[in-house]
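As you go down the protein sequences, you meet chains A and B in turn. For reference, each letter of the first sequence is one residue, going 1313 to 1552 in the working numbering. For reference, each letter of the second sequence is one residue, going 14 to 174 in the working numbering.
Simulated from the structure, these hints should not be mistaken for laboratory data. Be aware that one or more of the hints could be misleading.
Unchecked claim - Capping the alpha-carbon separation at 35 Å, the derived lysine-lysine pairs in DSBU-like fashion look like this:
hint: 1; chain 1: B; residue 1: Lys59; chain 2: B; residue 2: Lys40
hint: 2; chain 1: B; residue 1: Lys113; chain 2: A; residue 2: Lys1426
hint: 3; chain 1: B; residue 1: Lys58; chain 2: A; residue 2: Lys1426
hint: 4; chain 1: B; residue 1: Lys40; chain 2: A; residue 2: Lys1426
hint: 5; chain 1: B; residue 1: Lys15; chain 2: A; residue 2: Lys1506
hint: 6; chain 1: B; residue 1: Lys15; chain 2: A; residue 2: Lys1426
hint: 7; chain 1: B; residue 1: Lys58; chain 2: B; residue 2: Lys151
hint: 8; chain 1: B; residue 1: Lys40; chain 2: B; residue 2: Lys95
hint: 9; chain 1: A; residue 1: Lys1506; chain 2: B; residue 2: Lys78
hint: 10; chain 1: A; residue 1: Lys1506; chain 2: B; residue 2: Lys95
hint: 11; chain 1: B; residue 1: Lys113; chain 2: B; residue 2: Lys58
hint: 12; chain 1: B; residue 1: Lys95; chain 2: A; residue 2: Lys1426
hint: 13; chain 1: B; residue 1: Lys120; chain 2: A; residue 2: Lys1426
hint: 14; chain 1: A; residue 1: Lys1506; chain 2: B; residue 2: Lys113
hint: 15; chain 1: A; residue 1: Lys1506; chain 2: B; residue 2: Lys151
hint: 16; chain 1: A; residue 1: Lys1506; chain 2: B; residue 2: Lys40
hint: 17; chain 1: A; residue 1: Lys1426; chain 2: B; residue 2: Lys59
This structure is a prediction, so every number in the text was calculated from the model and none was measured.
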Amino acid sequence: MNLYRYASPASFYPLAGRLWPVFAVIAALLAVYGLYEGLFVAPTDFQQGEVYRIVFIHVPAAWMGMFIYLVMAFYGVLALSFNTRLSAMMMRALAPTGMLFTFLALWTGALWGKPTWGTYWIWDGRMTSTLVLFFLYVGFIALTESIDDERRADRAGALLAIVGSVNIPIIYFSVTWWNSLHQGLTFSKSGGSKMAPDMVIAMVAMVFACWAYSIAVALVRARAIIREREPAHVWNGEAA
Amino acid sequence: MKNRHRRFAWIAVGVAVLSVAVALVLKAFQSNLVLFRTPTEVAEKKVPLDRAFRLGGLVQAGTLKRQPDGLTVRFEVTDTAKAIPVRYTGILPDLFKEGKGVVVQGKMEPGGDFIATEVLAKHDENYMAPEAAEALRKAGHPVKGEIFAGEKPVVTQQPTK
């Protein structure tokens, strides 16, 4: 079987149609399990009490926001250098989800910051660079939607995604490079995990729930984009 | 070299050049990107002391004193090398504790006191159950969070005149 054939929108369309419900179910199951584990099973934190439990939304959302931008940049490179149609579509299908997760990370971070640090917002290195990431998503969507010619819109968006990806390492390493209100890395290669095992289970479940959710909605959105741009393929490929 | 390979190479070169440029800019603005200054920097007068800035470090254990008016607190912020006395009138965040991280915003007074207008607490990257922290402490491991969450910081009242 040649996997490359799924790089063509015509054969990708029915595949995505079969795959997205699977990921949606996985996302729902993992989210229910992860939230139960995180809100009821995981122990209270020794310094922050119950309020730390927002970590199970905040951290997966922040990771997802950063990771989706990198995936978009990757698709942007493919779209620009190999002129593949589907990569540009996937890039644009991912943007609203990335923006949503980045917004969630900022919002839950503000709600977490008030009771622990004593402030909703401060121009901390990590918070500022995450806000920049949110603006990059907004800019990406605005830019691609404002250009009528789809191919030119894709190219402009790909360029923005690639250039903006420089911001991602800045967000990630901001807490080690500059002194900041954020604590250091809880999960790192050198230090391992500095979190109780019960909490890690909930965290891992929530991270994979966010992954599955992102894949499911990106596939649905990619199908909508294919239907919009290449209706002929869709009607021939699948009787839907 | 095929066209698509050339395009790919251009992108790679572009991203590399951009990364270097961003790295240089961040390096140049290093001192403006830090959220707070350390007590050592303040003691060595590396900070413009006539302007407001943020000071960060640990609340020196045993230095937290509440003033007779009940709202003003005094404590020392230390980076274990130098300590700067801080005065603050207002409500402290829940996580504010002796021996824990803190970031205060304000100005140096001519007398050498730092007058804070805002106090923010910092927590560390460790997450564990109170029982686990207790067990670690009994086993002789240094646990940074010496007081459990929910407990109020122990404040020594100064004798009222």
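Each hint, compared with the structure:
no., hint, result
1, B:Lys59 with B:Lys40, "holds, 18 Å"
2, B:Lys113 with A:Lys1426, "holds, 17 Å"
3, B:Lys58 with A:Lys1426, "holds, 32 Å"
4, B:Lys40 with A:Lys1426, "holds, 31 Å"
5, B:Lys15 with A:Lys1506, "violated, 48 Å"
6, B:Lys15 with A:Lys1426, "violated, 55 Å"
7, B:Lys58 with B:Lys151, "violated, 41 Å"
8, B:Lys40 with B:Lys95, "holds, 26 Å"
9, A:Lys1506 with B:Lys78, "holds, 33 Å"
10, A:Lys1506 with B:Lys95, "holds, 29 Å"
11, B:Lys113 with B:Lys58, "holds, 24 Å"
12, B:Lys95 with A:Lys1426, "holds, 29 Å"
13, B:Lys120 with A:Lys1426, "holds, 23 Å"
14, A:Lys1506 with B:Lys113, "holds, 17 Å"
15, A:Lys1506 with B:Lys151, "holds, 19 Å"
16, A:Lys1506 with B:Lys40, "holds, 30 Å"
17, A:Lys1426 with B:Lys59, "holds, 31 Å"
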